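**Student:** Make the full structure from the sequences, and use the hints.
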Amino acid sequence: MNPDVQSAEFVSAFLDEADELLRAANGHLLAIETALRTGASPRRLVREAFRAIHTIKGLAAMVGFEPIVSVSHRMEALLRTADRSGSVGPSEVEALLQGTRCIEHQLQDVTRGRPPGEPEPALLELLDRFDEHADVPAASPVAPELEPELLARLGPGEQEHLAQGIAEGKGAVRLDFVPSHERAEAGLTISSVRERMASMGEVVKVIPLAVAVSDEAPGGLSFAILLLTDAPPEAVASAAGLPSSSARVLSAKRRAEAGPVVPETDDRAEQEQPQRAVVRVDVSRLDEAMERLSALIVTRFRLNRAVTKLAAEGANVRELSHLLAENARQLRDMRAALLRVRMVRVAEILERVPLIVRSLRRSTGKQVKLQMDVGAAEVDKAVGEKLFPALIHLVRNAIDHALELPEERRAAGKAEEGTLTITCFERSNTQLELSVSDDGRGVDREAIARRAGAPVPKTDAAILELLCRPGLSTREEATQTSGRGMGMDIVKRIIEQLGGELLLRTRAGFGSTFTMRVPLTISIVDAFSLQAAEHRFVVPVSMVEEVIEVDADRVYEAPALGRGHKLHMIERRGEAVPVVDLMAAFHFSDEEVFRSKALIVRRAGDPIAFAVDRMLGQQEVVVRPLEDHLVRTVGVSGATDLGDGRPTLVLDLLSLGGALLRNLDERTSRS
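For the sequence shown, counting from 1, position 319 maps to 319 in our numbering; every step adds exactly one.
Everything labelled a hint here was simulated from the structure, so no lab data went into it. Here the structure is a predicted model, which is why all the values come from computation and not from measurement. Every clue listed holds true.
With a straight-line cut-off of 30 Å between C-alpha atoms, the simulated DSBU-like cross-links for lysine-lysine are: (1) Lys-414 x Lys-458; (2) Lys-414 x Lys-369; (3) Lys-366 x Lys-386; (4) Lys-386 x Lys-369; (5) Lys-414 x Lys-366; (6) Lys-597 x Lys-309; (7) Lys-381 x Lys-369.
With beta-carbon atoms standing in for the labels, derived distance ranges: (8) Ala-454 x Val-307: 53 to 59 Å; (9) Arg-493 x Ala-337: 29 to 35 Å; (10) Arg-285 x Glu-446: 51 to 57 Å; (11) Arg-340 x Arg-305: 27 to 33 Å; (12) Arg-450 x Asp-551: 44 to 50 Å; (13) Glu-351 x Ala-552: 53 to 59 Å; (14) Pro-470 x Glu-407: 30 to 36 Å; (15) Leu-151 x Glu-291: 48 to 54 Å; (16) Glu-351 x Asn-429: 23 to 29 Å; (17) Asn-429 x Arg-305: 25 to 31 Å; (18) Ala-184 x Arg-285: 14 to 20 Å.
Every residue, glycine too, gets a C-beta built ideally from N, C-alpha and C.
**Tutor:** Okay, structure coming up:
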């Protein structure tokens with residue numbers, strides 16, 4: 001196998017594991033901080049954080065990322081000291097969180113194809129300052145039978161890791177692995193071997209070595225894996241699926257002079273936990289599978305059209321129709337299965353929020369308690385990645401704008417600590433609702449109106465429209481967190497691009513709640529197909545509240561809103577609903593035509609009906625976004641192929657309804 005392919009595969013696996021471990025470490029460190037505030041014992045959390053950082057260090061050492069090893073080694077030493085002493089303070093936690101931020105930036109460097117950046121000397125000095133053992137040099141050589149060539153490839157942290165493991169009673173074993181096509185076909189790659197070795201002990205480092213090209217080493221590459229383990233070399237080789245001659249002892253196990261950091265009872269309990277079978281898959285592969293499924297769905301449309309044509313010509317298509325129905329069911333099942341693979345837990349997407357809140361708490365001087373209730377809700381990974389920046393804008397605004405300083409809250413009769421609440425649940429099997437609430441001062445509608453140069457809004461929906469105006473900010477001066485006029489308009493744009501809706505509920509002196517409703521997935525959706533005049537469109541089912549028959553006798557004209565402006569209304573269960581001809585909404589026609597059907601959507605709580613001629617059915621469609629800014633227009637979110645080879649527009653009736661209702665409000669205020 002190509003050495004470059006092996007190396008790329010190894011680095012990719014490292015990034016996946018390191019990112020997961022770093023999230024876990026951050027969670028444990030934040031939990032330690034909470035335990036210190038509440039007086040609970042943080043010792044178990046310290047050990048969990050140690051495990052995560054220790055593993056990151058080992059993984060980084062394997063791929064030769066010494067800058068990451070340098071930071072994680074010092075963090076590990078600090079946590080080891082904290083565990084042995086049984087105490088840790090807020091200043092130590094702050095230093096450790098600075099360390100995780102450094103590692104996060106280093107991982108981003110690797111992701112971009114660059115070597116990890118060197119840590120700031122001030123950070124290393126800070127971490128060293130907290131650990132009395134940080135400056136103790138590692139013994140050299142660390143193992144009697146370690147060749148000088150390999151010893152030279154070990155950094156100081158790895159040498160100390162190996163020496164300490166031997167001192168604590170573990171044996172040091174070297175395993176040699178030579179990649180080949182035959183082994184790769186049998187599932188033996190450097191990544192799979194390393195994973196097997198990790199189950200046998202602590203992998204100190206994986207060292208790539210150039211060797212002479214031969215039948216045994218066709219790629220001219222070999223790997224030496226250094227392992228701390230209690231197992232004999234024969235068992236190590238067997239676990240790796242290699243001959244026993246592949247493993248040999250560097251230093252025999254001896255009685256520990258110092259006890260392990262984590263008690264043996266903890267290790268046994270961890271080993272007894274059932275392991276989940278997990279396969280990491282690159283998202284690009286899932287995207288490719290979704291593309292293939294999309295092509296099958298379009299092909300199914302074409303088959304349907306062909307069968308319909310045959311039936312019109314008198315052919316017997318009964319059996320074909322049954323096969324098509326079965327094929328449609330199978331494609332729906334395949335779509336559901338593939339979407340389940342793409343779904344990620346919302347809780348996983350929001351893992352970084354506590355860190356962001358902590359940072360904002362420190363920069364604003366405000367006391368903030370974060371409450372999160374997201375349950376087991378899931379969303380398509382692509383939707384979640386687009387939704388996260390919008391959520392962060394809302395969190396920043398809530399802390400910087402809405403929540404008061406402790407003295408202000410005390411004067412208002414509130415607790416000094418404000419509360420920020422994030423909730424999430426699935427409204428249906430097609431839509432997710434995510435809310436950000438605070439118990440702050442609420443939105444000052446008069447101040448918003450002054451800044452916008454507009455009349456004072458009377459409803460929450462009107463307040464939201466003003467807040468989402470591009471460039472609007474309620475701050476006189478920009479701060480580190482806000483005040484640049486960039487925020488709510490970005491949130492609104494993201495939500496509308498996802499085909500969702502943004503809502504606001506606010507009460508002066510009591511706080512605000514921003515709610516985002518978005519589809520669970522945006523690539524393949526259930527949609528209504530419809531016809532207005534000679535044009536065909538599709539609308540996602542999740543946007544439509546109801547499809548109704550329009551009775552011409554129950555359509556009436558509202559009072560004139562100025563020259564040339566007419567508004568028709570229909571009565572629906574005692575509620576007056578404005579009705580708009582879909583053709584007129586897109587300026588395809590100014591002629592008044594009665595249309596017998598209408599789709600009702602609700603924008604910010606207000607209903608609006610779009611009149612069409614015919615409903616053609618409901619089906620799965622593949623949505624292709626309109627990337628060209630020259631062809632983007634309000635009310636159109638993308639295009640699809642219904643099997644005839646012609647593009648059919650996918651309508652966003654929520655944004656179209658919002659634009660029409662805004663125009664209606666402006667005309668009302670001028671009349």
